[in-house]
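A.B. asks: Given chain A, work out where chain B should sit, using these hints.
Just so you know, the sequences run in chain order A and B. Residue 451 in this note's numbering sits at position 55 of the first sequence; the count goes up by one each step and never skips. Residue 60 in this note's numbering sits at position 24 of the second sequence; the count goes up by one each step and never skips.
If you're looking for bench data, these hints aren't it; they were derived computationally from the structure.
Think about it this way: if two alpha-carbon atoms lie no more than 27 Å apart in a straight line, the pair counts; the simulated BS3-like pairs of lysine-lysine are:
no., chain 1, residue 1, chain 2, residue 2
1, A, K488, A, K478
2, B, K86, B, K53
3, B, K74, A, K497
4, B, K63, A, K445
5, A, K441, A, K478
6, A, K506, B, K60
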Amino acid sequence: MPTLQPSTEEHTIYEIAVLYPILAQKEEQALLKEVEGFFAEVGAKQIAKDAWGRRGLAYPVEGNMEGNFVIYYYEMEPARIKEVDNNLRIEKNVLRHLIVKPPKGYQIVKYSETYEQWLKERETVDQVRSREKEEKLKEQVAKKAKQQARRSDEQRKQETHEVKKPMVEGELQKKLDKLISDDTLDI
Amino acid sequence: MQPNQSFLQRRPDLKSKPCPFCGKQTKYIDYKDYPTLKPYTDYFGNIRAKYYTGVCLKHQKLLRTAIERARFLAMLAYRK
Chain A
397 MPTLQPSTEE HTIYEIAVLY PILAQKEEQA LLKEVEGFFA EVGAKQIAKD AWGRRGLAYP
457 VEGNMEGNFV IYYYEMEPAR IKEVDNNLRI EKNVLRHLIV KPPKGYQIVK YSETYEQWLK
517 ERETVDQVRS REKEEKLKEQ VAKKAKQQAR RSDEQRKQET HEVKKPMVEG ELQKKLDKLI
577 SDDTLDI
Chain B
37 MQPNQSFLQR RPDLKSKPCP FCGKQTKYID YKDYPTLKPY TDYFGNIRAK YYTGVCLKHQ
97 KLLRTAIERA RFLAMLAYRK
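The shape of chain A in the complex, shown without the other chains (with noise of 0.2 Å):
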């Protein structure tokens, strides 16, 4: 990422933003030509150069919903600047322009990479919170698997009961039966 430093104190760097409809590839070069035309008759020198390529807009302009943007570092005189806002403004399909003055020790960040980065991102965000619904429902099922074995153990466990009180009966009366029968007690 390089900083912007003007090479002399005459010159102020500019940061040119544009943006224009989809357009056939021939068209589409000619603009841009036209375009960088304008800073060359103004004896400009271009730094950097960042084409964002198509991406759609937030609201129409001038009927379109999706445009292209370039961003454009210029060195130039701040005198002249305002020829090539005059040239931006009549030209035609030119649906948008900004014109900036980048503060000091500004370094120049390719846009156009880091937001394909933030897309990328972004989905894997999608799916972080996709994993968090599912594992929600993952422990409420294993919750709702507690509880039920809970329940079924307590179950069981009744029903344990209610099988050895029988037995314990059985053998109660299977003892007094024993001491009934025993003949070498005497009362």
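C.D. replies: Chain B in isolation, oriented as in the chain A frame:
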């Protein structure tokens, strides 16, 4: 990985919330940086008040200019 942004929707305790831009020592907020600007606008496209997001006044002013520039270039919506 992006941080979880659900904190922007919760009603916060303002004193306990540090400014997210002060933590990174940002001097300039770029209008081209869509992923950072997006969470500071609500569903209708309005800028979230700093009371809710915890952004300090200095960075809120930078944010405002960045969002307004992004709106002009149709990267963010004026109104949904």
